[in-house]
Amino acid sequence: MSKFSFKVEKKLDTEIPGALGRVGVISTPHGDIETPAFIVVGTKATVKALTPEQLIETGVQSVLANTYHLFLEPGCDTVKEAGGLNTFMHWEGPSWTDSGGYQVFSLGEAFGKGLSKFAKDKEPEVEVDTRPNIYNKELAQSHGRLCIIDEEGVTFTSHVDGSMHRFTPERSIEIQHALGADIIFAFDECTSPTADRAYQREALDRTHRWAKRSIMAHKQNYEALKKQWLFGIVQGGLEKDFREESAHVLSKMDFDGYGIGGCFNKEGLEESLKIVNTVLPEEKPRHLLGIGEPADIFIGIENGIDTFDCVTPTRIARTGMVYTRTGTINLRNAQYRHDFSPIDAGVPSYTSKNYTRAYLAHLFRSNEILGATLASIHNLYFIVNLVKNIRQSILDDTFLQFKDEFLRTYYQRK
RNA sequence: GCGUCGGUGGCAGAGUGGUCAAUUGCAUCAGACUGUAAAUCUGACGGACUUCGUCCUACGCAGGUUCAAAUCCUGCCCGGCGCA
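For the first sequence, counting from 1, position 358 maps to 358 in our numbering; every step adds exactly one.
Hints were generated in silico from the structure; no laboratory data involved. The C-beta atom is built at its ideal place from N, Cα and C for all residues, glycine as well. Fair warning: there could be bad hints in the mix.
[Said to hold, decoys possible] Listed next, the in silico DSSO-like pairs over lysine-lysine satisfying Cα-Cα at most 30 Å (straight line):
(1) K353 <-> K3
(2) K274 <-> K212
(3) K226 <-> K240
(4) K10 <-> K353
(5) K10 <-> K48
(6) K10 <-> K226
(7) K353 <-> K403
(8) K113 <-> K226
(9) K227 <-> K120
(10) K388 <-> K284
(11) K113 <-> K48
(12) K11 <-> K353
(13) K266 <-> K3
(14) K240 <-> K227
(15) K227 <-> K212
(16) K403 <-> K212
(17) K284 <-> K113
(18) K7 <-> K353
(19) K113 <-> K11
(20) K44 <-> K403
(21) K266 <-> K388
(22) K266 <-> K240
(23) K388 <-> K403
(24) K226 <-> K284
(25) K353 <-> K274
(26) K11 <-> K48
(27) K117 <-> K226
[What the hints assert, rightly or not] Okay, the calculated beta carbon distance ranges per label pair:
(28) G144 <-> F118: 44 to 54 Å
(29) D254 <-> P17: 25 to 35 Å
(30) A358 <-> R209: 22 to 32 Å
(31) D121 <-> N389: 47 to 57 Å
(32) Q401 <-> S366: 19 to 29 Å
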């Protein structure tokens, strides 16, 4: 039957009473993911600057691509024709696709406004969305956004060529069936941290309706049903009672696992995850969408998250910023021009073992593409192995000690 | 030698009497980045003082005209090109 399964091997509460963390294994037709795990983002069926072989060397187990981006380029038919996402991109391990729900935010409310899914102390001035129920490019653009939302779905103006496209839950699932990743997500609305409670209420209810429709669409495709797992996405934004409600509502739906999406604020992340993961069924995997700072990863794992994805390691790598045990450093800074030490002698990534800071500084200053590759290799190694070490610490009953030591060292300078 | 065009901030290159401490790009120095509009974006970038600002020094050098000069005039120095 299904090659899918999720097994919890050990729980963190043997060390910390009441903790929600666990060690497990997600099995997919393309292999296993030992959880907790960091899933690398490969939006357009490529982890920027890296080959799959290089990915594997960093220890990455699984890749997450994006429905919206692949729909635009090269088109889901092309990916399907190639034999699916895995074959197309020559990735043999487990794969995921995000539904396009995040683009409702990044191309909508956040478009051009410097908003992130983490609430900032001082948000940029943003007028609250008026959500015109009209499919109209000019109207969307006059609101400074590339998509508009209505009950049925979302109309996007392509950031690539300005053409218009319609995403509904059914369409997103259909595209994800064509792309063929192992794990796919329901189409949701990722709301902005600037959204007020009233809007959040409305958006949450709509996301729940879309969740139901996503399941229906998935169940109607018997082939896909055998080959792909569908995860629902918990929303609710900064409203903790909505988060709890969302977890309850989605738990009653027949999803194979859950994503936790939307915006958070730093202080509230821990409590939100605790609330949500107390409600979500224990026997199903939980993925925290788009979060991946070291401190957040510890919080996530301790509070019951099994998998993460995040663009940060690869994105910051491309501009010369790399992780060290004592925090990030920007290799473009003048101080590294003649620094012939490794990025971090205690982090044995391929890059750190074989190259100096000065060499990487040179690559970035002269705009050589190898800089992006080497820094990405290092950052992925750092994050992936951080998560692996956390996993091991849970198995060894040394999570708390490992966490305290790591975070104290990592944030000491700040 | 004569003629001609030109010499602008680290570099390239705008500006051609006041709105010029001087557009822009690069370089430089920093910063940001959390389901990737992202090999991207933002800021600083002559000096001093406490930001607005004020003052000083600056558009080859030296003078001059003018209320006012990177911009006009004279001489000199340097470079390209043309003619001898």
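Results of checking the hints against the structure:
1. Pair hint K353 plus K3 does not hold up; C-alpha atoms about 38 Å apart against a cutoff of 30 Å.
2. Taken as a hint, the K274 and K212 pair is honoured in the structure, with Cα atoms around 24 Å apart against an allowance of 30 Å.
3. A C-alpha spacing of about 35 Å is found between K226 and K240, which places the hinted pair above 30 Å, so the restraint is violated.
4. About 33 Å separates the Cα atoms of K10 and K353, which puts this hinted pair outside 30 Å; it is violated.
5. For the given pair, K10 sits about 34 Å from K48 by alpha-carbon distance, which is inconsistent with the 30 Å threshold.
6. Using a Cα cut-off of 30 Å, the hinted pair K10 and K226 holds, with the two alpha carbons roughly 28 Å apart.
7. Simply put, K353 and K403 have alpha-carbon atoms about 25 Å apart, close enough for the 30 Å limit, and the pair holds.
8. For a cut-off of 30 Å, the pair hint linking K113 to K226 is broken: about 41 Å separates their Cα positions.
9. Simply put, K227 and K120 have alpha-carbon atoms about 40 Å apart, too far for the 30 Å limit, and the pair is violated.
10. Between K388 and K284, the direct Cα distance comes to roughly 20 Å. Compliance with the 30 Å bound is thereby established for this hinted pair.
11. This hinted pair checks out: K113 and K48 have alpha carbons roughly 24 Å apart, not beyond 30 Å.
12. Between K11 and K353 the alpha-carbon distance is near 34 Å, which puts this suggested pair outside the 30 Å criterion.
13. At most 30 Å may separate the alpha-carbon atoms for a hinted pair to count; K266 and K3 exceed this at roughly 37 Å.
14. The hinted pair formed by K240 and K227 fails the criterion: a straight-line CA distance of about 34 Å is larger than 30 Å.
15. Distance check on the hinted pair: K227 and K212 sit about 20 Å apart at the alpha-carbon level, within 30 Å; holds.
16. For the hint pairing K403 with K212, the CA-to-CA distance comes to about 38 Å; that exceeds 30 Å, so the pair is violated.
17. The suggested pairing of K284 with K113 is violated, with an alpha-carbon distance near 36 Å, which exceeds 30 Å.
18. A hinted pair counts as satisfied when its Cα atoms are at most 30 Å apart, and K7 with K353 does not qualify at roughly 35 Å.
19. Distance restraint check for K113 and K11: the Cα-Cα separation of roughly 41 Å exceeds the 30 Å cut-off, and the hinted pair is therefore not satisfied.
20. Proposed proximity of K44 and K403 is contradicted: the alpha carbons are some 34 Å apart, above 30 Å.
21. Between K266 and K388 the CA atoms are separated by roughly 23 Å; this keeps the pair inside 30 Å, and the hint holds.
22. A distance of roughly 13 Å separates the Cα atoms of K266 and K240; the hinted pair therefore holds under the 30 Å criterion.
23. Distance restraint check for K388 and K403: the Cα-Cα separation of roughly 13 Å lies within the 30 Å cut-off, and the hinted pair is therefore satisfied.
24. Our distance criterion of 30 Å between C-alpha atoms is met by K226 and K284, whose separation comes to about 17 Å.
25. Of the supplied pair hints, the one linking K353 and K274 is violated, its CA atoms being roughly 38 Å apart against a limit of 30 Å.
26. A threshold of 30 Å between alpha carbons decides the hint, and for K11 with K48 the separation of about 35 Å lies outside it, so the pair is violated.
27. Between K117 and K226 the CA atoms are separated by roughly 33 Å; this puts the pair beyond 30 Å, and the hint is violated.
28. About 21 Å separates the C-beta atoms of G144 and F118, a value inconsistent with the hinted range of 44 to 54 Å.
29. As the Cβ distance of D254 to P17 is approximately 32 Å, the hint placing it in 25 to 35 Å holds.
30. Against the hinted window of 22 to 32 Å, the Cβ-Cβ separation of A358 and R209 comes to about 56 Å, which falls outside the hint.
31. A hinted range of 47 to 57 Å is violated for the C-beta pair D121 and N389, which are about 31 Å apart.
32. About 43 Å separates the C-beta atoms of Q401 and S366, a value inconsistent with the hinted range of 19 to 29 Å.
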